[in-house]
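So the chains spell out like this:
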Amino acid sequence: MIGQVLGHCRVVAKIGEGGMGVVYRAYDEVLHRDVALKVVKKDARLDATSSHRLLHEARASSALAHPNICTIHEVGENEGELYIVMELVEGKSLAAMSAGAGLAPESVLRYGVQIASALARAHDRGIVHRDLKTANIVITADGLVKVLDFGLAKQVGSGIVEGPTGSFASIEKTSSVSGTLPYMAPEILRGEAADQRSDLWALGVVLYEAASGQLPFEGRTGFEISSAILREIPNPLGPPVPPGLWAIIQRCLAKESIQRYQRAGEVQAALEAVQSAAIVSASPGPDQNAPRTTVLHSVRHVHVRKGDFLLLVGTTKGAFILRSNAQRKRWEVGGPYFHGHNVYAIVYDARGDQHRIWASTQSYWGALLRSSDDFGKSWTNPQQAPIRFPSDTGVSLKNIWQIALGRADEPNVLYCGVEPAAIFETRDAGETWSLVRGLFDHPHRPRWMPGNGGLALHTIVLDPADHQRMYVAISAGGVYRTNDGGRIWTAQNRGIRATTMPDKYPEFGQCVHKIVMHPARPERLFLQSHWGLYRSDNCAENWVDIANGVPSDFGFAMLTHPKNPECVYIVPVESDEFRCTCDGRLRVYRTRNSGASWEPLMRGLPQKRAYETVLRDAITADAFDPVGIYFGTRSGQLFGSRDEGRTWLKILEGLPSVVCVRNAIVEDASSHLRPTMPRTVLVPSHQTKSRPKSKTRQPKR
Amino acid sequence: MPVTFHIPGALREFTAGQSRVEIAHSPKTLADALSALCTLYPGVQDRITTEQGQVREHINIFIGDENVRYTGGLATPVSAGSEISIVPAVSGG
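Quick mapping for you: the protein sequence lines, in order, are chains A and B. The opening position of the first sequence corresponds to residue 1 in the numbering used here, with each subsequent residue numbered one higher. The opening position of the second sequence corresponds to residue 1 in the numbering used here, with each subsequent residue numbered one higher.
If you want the footprint, here are the derived chain B segments under chain A, 3+ residues with CB under 8 Å:
| id | region |
| --- | --- |
| 1 | 14-25 |
| 2 | 40-48 |
| 3 | 51-59 |
Here are a few chain B residues that sit away from chain A, every Cβ distance over 12 Å (derived from the structure):
| id | residue |
| --- | --- |
| 4 | F62 |
| 5 | I63 |
| 6 | T71 |
| 7 | A75 |
| 8 | V78 |
| 9 | S79 |
List time: in silico DMTMM-like cross-link candidates among lysine to aspartate or glutamate, alpha-carbon distance up to 20 Å:
| id | chain 1 | residue 1 | chain 2 | residue 2 |
| --- | --- | --- | --- | --- |
| 10 | A | K563 | A | D643 |
| 11 | A | K377 | B | E13 |
| 12 | A | K398 | B | E57 |
| 13 | A | K377 | A | D308 |
| 14 | A | K377 | A | E332 |
| 15 | A | K563 | A | D463 |
| 16 | A | K329 | A | D625 |
| 17 | B | K28 | B | E66 |
| 18 | A | K398 | B | E51 |
Read the hints as simulated data drawn from the structure, not as lab findings. Glycine included, each C-beta is placed from N, C-alpha and C at the ideal position.
Using the sequences and the hints given, assemble the complete structure.
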């Protein structure tokens, strides 16, 4: 090879050899400069497609002109051999320099800023390094950082590489995963695609190694290393590493990519802030080693297995997870999660083969959407609130009232209904959220009036058949519908009485408390208003009163039977002045004929001095046969029925005020999970033989 | 003389566990001091202020013993050696 000419470069000497190929020192005879020439091994399992990809990626990377990126001058092919001509970098690898006890913090900061700057440039061009490590970083005699091998990066978004097995780096290893194990982010080990935040993880490993001489995640085998990366928290770095640098490293090493810095430029800015020495930190407190991820050791956790049945309970002081099985007889209680926070919405999301629980939290410190992939053992706690109003709106988020999962075939889509009334959507599983402007800019919005709980968009109903159609309910604005995926919204309140307005049937402004739909009958909706029960059979074009035989048509909670589209459950309360169950009797009402008549369900529910309220999302139905119904009260009681509401049992009492109840069958509700229990197993403690025939309480009209 | 922030327990997970953070340069106003704190510990920002940059309704910031709500808010001048406390308000149910 020595003496040969590739392109216009004459090979001078061999300077190194790696799994991918051999690196030579060469001389560019046209431009008269020393260069490095990497010749890809012929036996590197590079088929025609891979070779095309390598060329493509390396050419893309050659556009990365940055002082801290080793420049790629040329990529070519000579007699079937691929070669890359690049800047000749002479210096020491960061790996060699960090060996032992690591570098002085000042050096770590100086090099870290440059590495982050290089990543920022590459990320801006859509290029992810995917194999950042101290061995790929060279420090020149002048102290200049050069990050090597950007040519091996996957070009994000170009579509030329579909999965990790298609990456160029895989030709270096037999593994189907590209990169170097101790630097790999958890998401890569889980088989997910690498993105720029995976590079920020690797940067965290590099900084840790540079500061201490140790890798943050170690093991004797690949399995042990992978396990540490996925589960363990690295040993804390104390003095002389400044706490600010340690905080940056910890944030880079957050297990969930959403908890990390989202951009390399942010890491650069943070490192510069510590570096500038303008900010110094006081001596660390006793909690210095607190992990970045909130792991709630003081909270009782449930150990969830496949086939388990869960109740997710949001209260005004935190969330609880109740675990049972298909029998739903014994309950193990986990929590409280989010001590002292309002949890207005909590939901299980099993789309896309995950077991994720989403929860909204609200406290003095703001409102956040958080998630857990381990049934509550750890929750994301993003540094920056992902749901936020754009600055031009002048509006600030107060609370998240509703989390609505997108349709089954859109596993990355979610919607949040918030206060002040607006809807946000994400199309990337919660990584980024955007305000749905079509509704926010609606000319009616300035005239919506806050209800008792605030001006909230609390209900989102998706049409399962028509992907463009969606309904929302606002207190007090009424029902709005879009038929075009959210651009144009129309008020759909014809026939709904507004008791608190001079015009009793206005276009909008009704205080609608809940709307529900059965997926088998998407044209039909049921509605519980501030006063009034309604049904629409024509996609909310108009509504008819169905308060036929209920003790009051005031209420909050409403639920459709999961299997019978004619069947709806409500829990009437007496009035807006006295928001408690009528006559101190806790009764669920059910219609099985779409509202033509209602029957009380009370066996097992307290019928004396039970002044309860069941809030709008505090009722849920499971998918077993027979269907189970569960609801929670403002007094902190949780009731359940395993026979569709015929008989009830108290599951729990003494909870904080219950705001939201949802359920989950972990894994598919396949036939072997269906309960075999007898329908008469419950012994009611209160029996009422005759149905009360009281007149429906309604406001004076 | 540095300016010192007292960090409440709820926010220490964002300040590497520290209950006190000193800002060594001389911020002129509370906004400057908060900006320096949030550059170092970005998670603190959204907990203290709304996305519109206002101090949250139920969060009080004291410089010494003075609640900044009555001394000019974020524009309140900060002097060398100031002790700044971030405290949730006494409210709620």
